[in-house]
Amino acid sequence: MAMTQSRARALLLTPAGLWYAAMLLLPLAVVLIFSFGERSAIGGYAPGFTFEQYANLPARFAAFRNTLTLAPVGTLASLLIAYPLAYFLAVKVSPKWKTMLLVLVIVPFWTSILIRSYAWIFLLGGKGIPALLETIGLDDVRLLNTPFAVLVGIVYGYLPLMVFPIYVALEKLDKRLLEAAADLGTPPWRAFLQITLPLSMPGVLTGSMLVFILLMGEFLIPAILGGGKVFFVGNALVDLFLQSRNWAFGSAVAVGLVVIMLITVGIYTRLVKRFGASRDDVGLM
Amino acid sequence: MRLYAWAVYAFLYLPIGIIALFSFSAGRSASQMQGFSLQWYGRALNNPFVMEALWTSVRVAFLSAVLATVVGTMAALALTGMRGRARKVFDLLVQIAVMIPGIVIGIATLIALVSVFDLVNPWLEALTGWKLSLGTGSLIGAHGLFTMSLVVLLVRGRMETLDGALIEASSDLGATPMGTFWQVTFPQILPAILAGFLLAFTFSFDDFIIAFFVAGAETTLPIYVFSSIRRGVTPEINAIGTMVMAASLLMLIAAQLLLRRSQAHARR
Numbered sequence: 001m002a003m004t005q006s007r008a009r010a011l012l013l014t015p016a017g018l019w020y021a022a023m024l025l026l027p028l029a030v031v032l033i034f035s036f037g038e039r040s041a042i043g044g045y046a047p048g049f050t051f052e053q054y055a056n057l058p059a060r061f062a063a064f065r066n067t068l069t070l071a072p073v074g075t076l077a078s079l080l081i082a083y084p085l086a087y088f089l090a091v092k093v094s095p096k097w098k099t100m101l102l103v104l105v106i107v108p109f110w111t112s113i114l115i116r117s118y119a120w121i122f123l124l125g126g127k128g129i130p131a132l133l134e135t136i137g138l139d140d141v142r143l144l145n146t147p148f149a150v151l152v153g154i155v156y157g158y159l160p161l162m163v164f165p166i167y168v169a170l171e172k173l174d175k176r177l178l179e180a181a182a183d184l185g186t187p188p189w190r191a192f193l194q195i196t197l198p199l200s201m202p203g204v205l206t207g208s209m210l211v212f213i214l215l216m217g218e219f220l221i222p223a224i225l226g227g228g229k230v231f232f233v234g235n236a237l238v239d240l241f242l243q244s245r246n247w248a249f250g251s252a253v254a255v256g257l258v259v260i261m262l263i264t265v266g267i268y269t270r271l272v273k274r275f276g277a278s279r280d281d282v283g284l285m
Numbered sequence: 001m002r003l004y005a006w007a008v009y010a011f012l013y014l015p016i017g018i019i020a021l022f023s024f025s026a027g028r029s030a031s032q033m034q035g036f037s038l039q040w041y042g043r044a045l046n047n048p049f050v051m052e053a054l055w056t057s058v059r060v061a062f063l064s065a066v067l068a069t070v071v072g073t074m075a076a077l078a079l080t081g082m083r084g085r086a087r088k089v090f091d092l093l094v095q096i097a098v099m100i101p102g103i104v105i106g107i108a109t110l111i112a113l114v115s116v117f118d119l120v121n122p123w124l125e126a127l128t129g130w131k132l133s134l135g136t137g138s139l140i141g142a143h144g145l146f147t148m149s150l151v152v153l154l155v156r157g158r159m160e161t162l163d164g165a166l167i168e169a170s171s172d173l174g175a176t177p178m179g180t181f182w183q184v185t186f187p188q189i190l191p192a193i194l195a196g197f198l199l200a201f202t203f204s205f206d207d208f209i210i211a212f213f214v215a216g217a218e219t220t221l222p223i224y225v226f227s228s229i230r231r232g233v234t235p236e237i238n239a240i241g242t243m244v245m246a247a248s249l250l251m252l253i254a255a256q257l258l259l260r261r262s263q264a265h266a267r268r
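From first to last, the protein sequence lines are chains Z and B. Here the first sequence is numbered in full-length UniProt numbering, starting from 1 and rising by one per residue. Here the second sequence is numbered in full-length UniProt numbering, starting from 1 and rising by one per residue.
A portion of the hints provided could be inaccurate.
Looking from chain Z toward chain B, a few residues come up when the C-beta cut is under 10 Å (computed) [stated by the list, open to error]:
#1 28
#2 49
#3 101
#4 163
Please keep in mind that the hints were generated in silico from the structure rather than gathered at the bench. Glycine included, every Cβ here is placed at the ideal spot set by N, Cα and C.
Required output: the full structure, derived from the provided sequences and hints.
See below:
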């Protein structure tokens, strides 16, 4: 029986295993190998073993700098906007409305990020917010194709991903702790800083990590709202692979991106351990 | 606090609402409302490029979701209750597939497939007169990989909440393992499987970034929308966007209802 069971398991796993091997492991291995190669004269890849591509990484410094600035800033902005909303939903809203209001937060997230990002072209473009600002005397404000536009797109795109884990953490919070604090004469703001905030840290960390990871690989929002002026590593990758066809250098950039991500995830895991968070806090789907 | 929440909801819905509103404009401007009309919906639906892209998207989404659901469910069944190194390797693969940015998966798949095709095609062409290229196949492969991982997570989660007593009772009553699976286990995990299918379909249908790299000469609907935006926004794009948003929303609401039902089932 044990024999047949393990054979059945092997049979059931084979298709998935082959799929992972062909479409995940092989491609990732190819990127790693190509990153040590050279650009062939006609574009694409020429075999070789050199660290030249990695030495060239500073040439794409601007893309890495933008990513490593706007990703944390975007994460922080999402956090600052999401926290009060999550708090409101978890603590202030009556159970009757809770589910509906929560669903209303995710609904936009369920629709195409491409279309949601391009919607901001209307709002940030000439006839949108700049026209409104003009009526109060602020002339010639340019919003579209600036880092600000990309930041707005980022916050808009990923806000729900931040609200949910924080909401879950706050919902779990034992309200009796706050009552006890009030009974002992703690003012509400101190109770918030000493009880609510620390106990919601797991949610804050989970949300921040989700948003940060997605932002590191972002391409669409800067492409649509940054107008070629604000570009991320993702945009550099598209340029390197599809326009200049420098596969070896592009691979090195991709490896660099993944390495930075792995380091971030490593730091995150440490933080999570310290704050005793569990990873099942994510209840988006 | 309440006011703040209203402001955030306005922030969330204003942009989508504006697209939907402008899509009903009678005028030619994409960013102004000039009377009410459905003409842009008519134009979008009669545009052969849009319909071609839509058909590619639906075909790829359907086939990759079917494959991802079947293969992912099989893997989830095998992984339930499994221990040891193989289990660890699979868990790691699922995690990598979900965590690596789509853009890296996209380029990696592109250069790997192109390299393999370059290697194989001279032989293949000499032998069969036919050669491999990027297109529907690579789209299905790349989308299915990500969505299969989601199906594994969903179905495994459901399997772990199943009542083992039912399965024991079934075999005590003389059912074969196959009989037990189809009559006891399968009906209980079916909602999770269907939800996985709908999620897989929606992901593939909505995906732009991976498709952008591996679509080859094919155009999916998001690729069409992206290149149209580059040429300038039109009310037609607003109409397409509104239809796409409505469609993916309906799919995901259905998936969510199925999941909720399966969870309610588990609690009983």
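A quick look at each hint next to the structure:
1. 28: holds, 6 Å
2. 49: violated, 17 Å
3. 101: This hint holds: residue 101 of chain Z lies near chain B, its Cβ roughly 8 Å from the closest one there, short of 10 Å.
4. 163: holds, 9 Å
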